[in-house]
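Asker: Given next are the chains, with one letter for each unit.
There are 2 protein chains.
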Amino acid sequence: MDLDLMRELSVRTDSRIVLLVLDGLGGLPMEPGGKTELEAAETPHLDSLAAASDLGLSRPVAAGVSPGSGPGHLALFGYDPLRYRVGRGVLSALGVGFELGRNDLAARINFATKDGSGRISDRRAGRIPSEEASRLVDLLNERVRLEGVETFVVHEKEHRAVVVFRGEGLSDALTDTDPQRTGLEPLPVEPADGSPEAKRSAALANAFVREADRVLEGRHPRANTVLLRGFGMHPALPSFEEVYGLRAAAIAAYPMYKGLARLAGMELLPEGEGIAGEIETLRRSWRDHDFFFVHVKPTDAAGEDGDFERKVRIIEEVDGLLPRILQLEPDVLAVTGDHATPARLRSHSWHGVPFLLRSPYTLPTARSFGERACAGGSLGVFPAQEIMGYLMGHALKLNRYGA
Amino acid sequence: MDLDLMRELSVRTDSRIVLLVLDGLGGLPMEPGGKTELEAAETPHLDSLAAASDLGLSRPVAAGVSPGSGPGHLALFGYDPLRYRVGRGVLSALGVGFELGRNDLAARINFATKDGSGRISDRRAGRIPSEEASRLVDLLNERVRLEGVETFVVHEKEHRAVVVFRGEGLSDALTDTDPQRTGLEPLPVEPADGSPEAKRSAALANAFVREADRVLEGRHPRANTVLLRGFGMHPALPSFEEVYGLRAAAIAAYPMYKGLARLAGMELLPEGEGIAGEIETLRRSWRDHDFFFVHVKPTDAAGEDGDFERKVRIIEEVDGLLPRILQLEPDVLAVTGDHATPARLRSHSWHGVPFLLRSPYTLPTARSFGERACAGGSLGVFPAQEIMGYLMGHALKLNRYGA
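Residue numbers (the UniProt record's numbering), protein chains in the order written: chain A, 1 to 403; chain B, 1 to 403.
Warning: the hint list may mix true and false statements.
Since copy identity is lost for identical chains, a pair holds within one copy or between any two.
[Claimed, not checked] Pairs of lysine to aspartate or glutamate, DMTMM-like flavour, derived with a Cα cap of 25 Å:
(1) 297 - 193
(2) 199 - 8
(3) 35 - 331
(4) 199 - 168
(5) 35 - 178
(6) 297 - 158
(7) 297 - 8
(8) 35 - 47
(9) 297 - 329
(10) 297 - 176
Calculated directly from the structure, the hints in this document are not laboratory data.
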């Protein structure tokens, strides 16, 4: 989306938009001639919605490219995922619910094992149990002190944690310390460009590793060092308020998606219990916002597990709850995913993502919601970045372009 | 369209292209499950043409964005409507048939009423009748003289007119004087950038308003001042001749569309009476040109009036005249619109525009011409800017790219 164009044309109105994202919705048949997860699911409500909707297949990043959760959502929110990059460190920080500031530098930590000669013998410290890692994280927070910056270490799970450096003049143009194989020494963090910020940040990151080694010494049989990778900073997205003039809210159960929504300046609403809880939150907050991003996670998890049937059942559960959203009478309702996660592939994939948009101004082309129905829809196959333009247009929130 | 690529590849041949534009052709069903205007119309000739054509849905500007007539036509002619902007002043000048030069600066004028304290009490001077406004325009043309530029004032209708400043070193980076509400003083024209051209132009525009106030004093009970807005200059489009090697002609009944065609360097032909008159002009000029832009206005007007049935009838009228165009045996005939104007919305809209291209080299996919038939066509959903490429290709007027 051309964000400058959106800034120029967007107007505030009373109309309300709901963007319902089933994570990893797109799918594939398990065998030739078969149906996709969405096509196989019994979805009477989505089907009758489709019969009143514009349909299309959206592409999150580029032909053949499987998007991570960061780029997938950035595209849904109208940001160019190739321009705005969300580093792994940033996603990890968002994933643990850390409120990342504009100047913060984040990196993924792995607890690891270093042998007597200084070489890495286990990149995951024997997948150290979460309780033990959590204690070590506390130690690092208590004892590591660096000149000129604050550091925050937050535990994720098992051997994984996040470190955030907070201070002025930092840069994420940095290389990883993880040598990617055992038997090698960890690498020093190097500045990836010639800026003073990158040099200073590299020095700080290397100091952090030295300090961590000192603090960890003798504390745990395996976790005696840390590997850093995926340095990233807040991508400084222009906010939904500024670009679209929207008072946007997010309803999501998982911290990473909350974090992505917060990057876009959305207000986070308490998600409640399960998918039904999310929709109940939507109902309660209906008057306070004009854009709602509702995120449903379990479809993606089922796809990642290769569990076609479970993904089908979750889609059917969402279908059963759809009338509760429709009762609110949103002016625009879109149902889609941030990418495909076909059970067939057990991972995110590059395939087109089914997209449905219901408003009073649609040109319906099918009577069911599924990948193949969407492929022949009135929106065709299109970049996911354009979705926000369609939502704004159908909500009558865009002025005419040119006289 | 990549105009440089067209410049590089285009070759002159004897083949002839007709681009028949039904303004605002795209439509929507009035109610769920219904047909669009084009789908509802009885169009035996367009339908049999479609059965021999490539079909697609074109998008003029961007997802969700409703184009004005300027951007809509620029896209049809292959120019990037986000790069080449046609200001309201320019469109107004074109609309009254003023021959805008490359250095001319145009602005829309509203006659308005200023009270004793200098505040605007009526932004339209009580919608002053055209005859009275026309007299005031004559007065301004006789009596306003500015240092270093010529000025031309042309009346449009009622309180609306256009002023054109002609001279060297002008700029349209200027703010409006219209305060947009009554009870406020008019604003001074300010330069919108730091260039000397903008400063000089702002001073000239402000001097024009002062002079106009002086000339108008005591001449009319309500129209005692002018408000200026929509400053714009000739967008300096590369010509059809230069880019495509085409001797292009335009047949259009309304001055604005003639003006847009002239911006692209097309020759204007006398349009004759009604749609049949336009086609008669086409026949008479058939030997003199190899590209014909034929513009039909009433479809858009019917859509803007919310008159579904009238739009249907106009489409049917065009269908009835189609054999006269086919008799000429154009090598390439395209039928489309510059944007959608669904009666459902009573305005221009962002929806896909049906596009049909008949040549000896097509891949037909349907037996009727309509939005949904086009959505599934061999051209898919595509940017309107690409249309000129297709026309040139099917006319065999493009060399191969690369060996």
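Asker: Look at each hint and say if it fits the structure.
Answerer: Evaluated hints:
Neither within a single protomer nor between protomers do residue 297 and residue 193 lie at most 25 Å apart by alpha-carbon distance, with minima of 37 Å and 48 Å respectively. Taking CA atoms no more than 25 Å apart as the test, residue 199 paired with residue 8 passes between copies only; the shortest distance there is 24 Å, against 39 Å inside one copy. In this homomeric assembly, residue 35 and residue 331 come within 25 Å of each other (Cα to Cα) only across copies, at 22 Å, whereas the closest approach inside a single copy is 31 Å. In the homo-oligomer, the alpha carbons of residue 199 and residue 168 lie at most 25 Å apart inside one protomer (13 Å), although the nearest pairing across protomers, at 40 Å, exceeds that limit.
When the C-alpha separation of residue 35 and residue 178 is checked against a cutoff of 25 Å, the pair qualifies neither within a copy, at 42 Å, nor between copies, at 60 Å. For the homomeric pair residue 297 and residue 158, the shortest alpha-carbon distance inside one copy (21 Å) is at most 25 Å, but the shortest distance between copies (59 Å) is not. Neither within a single protomer nor between protomers do residue 297 and residue 8 lie at most 25 Å apart by alpha-carbon distance, with minima of 34 Å and 28 Å respectively. Taking CA atoms no more than 25 Å apart as the test, residue 35 paired with residue 47 passes in both settings, with 15 Å inside one copy and 20 Å between copies.
Proximity of residue 297 to residue 329 under the C-alpha cut-off of 25 Å is restricted to the intra-copy arrangement: shortest distance 24 Å within a copy versus 37 Å between copies. In this homomeric assembly, residue 297 and residue 176 never come within 25 Å of each other (Cα to Cα): the closest approach is 30 Å inside a single copy and 50 Å across copies.
Consistency note: the structure conflicts with the earlier hints numbered 1, 5, 7 and 10.
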